[in-house]
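**Student:** Sequence:
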Amino acid sequence: FGSSSSSSSSSRAAAMAFQRTVSRLQGSPHWKPLHAFAEDPSRLELGFETRVTSAAREDIRQICKYLGVNFRCVGSGTQKRIVALKLDALRERATAEELAGAAPPYTAGFFR
1 FGSSSSSSSS SRAAAMAFQR TVSRLQGSPH WKPLHAFAED PSRLELGFET
51 RVTSAAREDI RQICKYLGVN FRCVGSGTQK RIVALKLDAL RERATAEELA
101 GAAPPYTAGF FR
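In this text, residue positions in the sequence shown follow my numbering: the first is 1, and each later residue adds one.
Everything labelled a hint here was simulated from the structure, so no lab data went into it. All of these numbers come straight from a predicted model, not from anything done at the bench. Positions of the beta carbon are idealized from the N, C-alpha and C atoms, including for glycine. Treat the hints with care, since some could be wrong.
What the hints assert, rightly or not - Beta-carbon label-pair distances, calculated as ranges:
(1) Ala-102 <-> His-35: 35 to 41 Å
(2) Arg-51 <-> Glu-97: 31 to 37 Å
(3) Gln-79 <-> Gln-26: 26 to 32 Å
Given only the sequences and the hints, what does the whole structure look like? Please build it.
**Tutor:** In structure tokens, the structure reads:
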């Protein structure tokens, strides 16, 4: 009984070991561009250059999670980069374009 409980709490502690505080995330140079991106309904993607370090990518991941923005890492090695995405907005846009394509011309303008 005792070992199972301590094993469970130690794995929880390990999972949270690298969690940044909100104040640390807000102090990151990536906070402002990500916050502006999250608030801008016209932007669907925000890419970061390959020179962003793994520690900075972790900051970006945690900021994205905090702001409710999706992210993807693409590439590998020195070409690895992270991209913030608004997947819900991308899906909505794709659905609207699909509906517009199938709609009569006078109705299609509503979706575009």
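**Student:** Range first: 31 to 37 Å. Now tell me if the beta carbons of Arg-51 and Glu-97 are that far apart.
**Tutor:** This hint holds: roughly 34 Å between Cβ atoms.
**Student:** Could one say that the CB atoms of Gln-79 and Gln-26 fall in the range 26 to 32 Å?
**Tutor:** Taking Cβ atoms as reference, Gln-79 and Gln-26 lie about 29 Å apart, which means the hint holds.
**Student:** Lying within 35 to 41 Å: is that true of the beta-carbon distance Ala-102 to His-35?
**Tutor:** Hint holds: Cβ distance 37 Å, inside 35 to 41 Å.
Every hint from the earlier list agrees with this structure, and none is contradicted.
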